[in-house]
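**Student:** Below, each chain spelled out in residue letters.
There are 2 protein chains.
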Amino acid sequence: MTRILGIDPGSQRTGVGIIDVDATGRARHVHHQALVLLGEGGFAQRLRRLLDGLGALIDEYRPDEAAIEQVFVGRSPESALKLGQARGAAISAVVLRDLPVSEYAAREVKLAVVGTGGAEKAQVQHMVAAMLGLSGRLQADAADALAVALTHAHVRATARRLGVAAREAWSRK
Amino acid sequence: MTRILGIDPGSQRTGVGIIDVDATGRARHVHHQALVLLGEGGFAQRLRRLLDGLGALIDEYRPDEAAIEQVFVGRSPESALKLGQARGAAISAVVLRDLPVSEYAAREVKLAVVGTGGAEKAQVQHMVAAMLGLSGRLQADAADALAVALTHAHVRATARRLGVAAREAWSRK
Numbered sequence: 273m274t275r276i277l278g279i280d281p282g283s284q285r286t287g288v289g290i291i292d293v294d295a296t297g298r299a300r301h302v303h304h305q306a307l308v309l310l311g312e313g314g315f316a317q318r319l320r321r322l323l324d325g326l327g328a329l330i331d332e333y334r335p336d337e338a339a340i341e342q343v344f345v346g347r348s349p350e351s352a353l354k355l356g357q358a359r360g361a362a363i364s365a366v367v368l369r370d371l372p373v374s375e376y377a378a379r380e381v382k383l384a385v386v387g388t389g390g391a392e393k394a395q396v397q398h399m400v401a402a403m404l405g406l407s408g409r410l411q412a413d414a415a416d417a418l419a420v421a422l423t424h425a426h427v428r429a430t431a432r433r434l435g436v437a438a439r440e441a442w443s444r445k
Numbered sequence: 273m274t275r276i277l278g279i280d281p282g283s284q285r286t287g288v289g290i291i292d293v294d295a296t297g298r299a300r301h302v303h304h305q306a307l308v309l310l311g312e313g314g315f316a317q318r319l320r321r322l323l324d325g326l327g328a329l330i331d332e333y334r335p336d337e338a339a340i341e342q343v344f345v346g347r348s349p350e351s352a353l354k355l356g357q358a359r360g361a362a363i364s365a366v367v368l369r370d371l372p373v374s375e376y377a378a379r380e381v382k383l384a385v386v387g388t389g390g391a392e393k394a395q396v397q398h399m400v401a402a403m404l405g406l407s408g409r410l411q412a413d414a415a416d417a418l419a420v421a422l423t424h425a426h427v428r429a430t431a432r433r434l435g436v437a438a439r440e441a442w443s444r445k
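Here the protein sequences come in this chain order: A and B.
Residues in the first sequence are numbered consecutively from 273, following the numbering used here.
Residues in the second sequence are numbered consecutively from 273, following the numbering used here.
You may find that some hints are simply not true.
To be verified - So the derived label-pair ranges between C-beta atoms look like this: (1) B:Ser407 x A:Arg369: 40 to 48 Å; (2) A:Ala431 x B:Gln317: 17 to 25 Å; (3) B:Gln395 x A:Gly387: 55 to 63 Å; (4) B:Leu310 x A:Val308: 29 to 37 Å; (5) A:Glu392 x B:Pro372: 42 to 50 Å; (6) A:Val308 x B:Thr296: 40 to 48 Å; (7) B:Gln411 x A:Gln284: 31 to 39 Å.
Claimed, not checked - Here chain A is said to cover these stretches of chain B; the calculated rule only asks that three of the stretch's residues, wherever they fall, bring their Cβ under 8 Å from a Cβ of chain A: (8) 318-324; (9) 335-346; (10) 355-369.
If you're looking for bench data, these hints aren't it; they were derived computationally from the structure.
All figures in this text were calculated on a predicted structure; none of them were measured in a lab.
Note that beta-carbon positions come from the ideal geometry of N, C-alpha and C, so glycine has one too.
All chains should be built: construct the whole structure from the sequences, respecting the hints.
**Tutor:** In structure tokens:
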């Protein structure tokens, strides 16, 4: 059994999703939540909330591996910078705890979860809930985090079937 | 005596500069270097090198406060994202060690160090070396890091003269 932490970083809210996968790639829902970064204090305090919040979840749930969504940067450089800072803090929380971290493009996540790289956000939310047997509407950031965790589970299982060392899946740039 | 850590974050190289300032605002050079992030491994390993490298310097030199340059984002969103990630990791290293961190715009740094917000990079390097009594040409990223530390020293001394709590200088932004 491998526990996977999925992260969908954002400068206002960071989605976190944790699943367990067995040797065949079958997934079980463990936890999901959105860490809200806004509130008191300046930019450093906001990053600290992410670093501490994500760190506390890692310490509580003890995942074996982490997966993070490659963010969409077709926005302004200012938004990209803020998003990058949140990503940098999220990755810091993960590497500080020695978790291997893989990165997946939004298109790969949609392909793995819905079956088409051009899927809508609502389809991702629907499929994530269906795959993990969750009822009710999932918060969007948490759904994306669970989706990237499911993508990593899928890639791991495929790599295993093909006899490729899991390590190679991890070191994807 | 207050020890200030200045940081000029970059996705390939991060400048670090450490100075001591006395109650009158007079500065003494302690250390400077550029942390090189490129090399082995993917993006997460690169951020880890920054997180670990900066953390080791903080543990060795034990600064009291940190100052970071607000980066110029008039580039592509992709560059801004990478720069943001480096900034996020640098700020993580600092807040993990409970250092208060202030942020200064490039224009404020030039104004404090050279006396004009539109100063050239070479002028900043020259003035930083002169203010700290350093001979020889300073590496550009380290010079920028020392410049932001000197700016923070200047702002602190001014705040003190005006009777404003140093805390207010810290919580800028």
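**Student:** For each hint, tell me whether it holds in the structure or not.
**Tutor:** Structure-based check of each hint:
no., hint, result
1, B:Ser407 x A:Arg369: 40 to 48 Å, "holds, 44 Å"
2, A:Ala431 x B:Gln317: 17 to 25 Å, "holds, 20 Å"
3, B:Gln395 x A:Gly387: 55 to 63 Å, "holds, 58 Å"
4, B:Leu310 x A:Val308: 29 to 37 Å, "holds, 34 Å"
5, A:Glu392 x B:Pro372: 42 to 50 Å, "holds, 44 Å"
6, A:Val308 x B:Thr296: 40 to 48 Å, "holds, 43 Å"
7, B:Gln411 x A:Gln284: 31 to 39 Å, "holds, 36 Å"
8, 318-324, "holds (count 3)"
9, 335-346, "holds (count 3)"
10, 355-369, "holds (count 14)"
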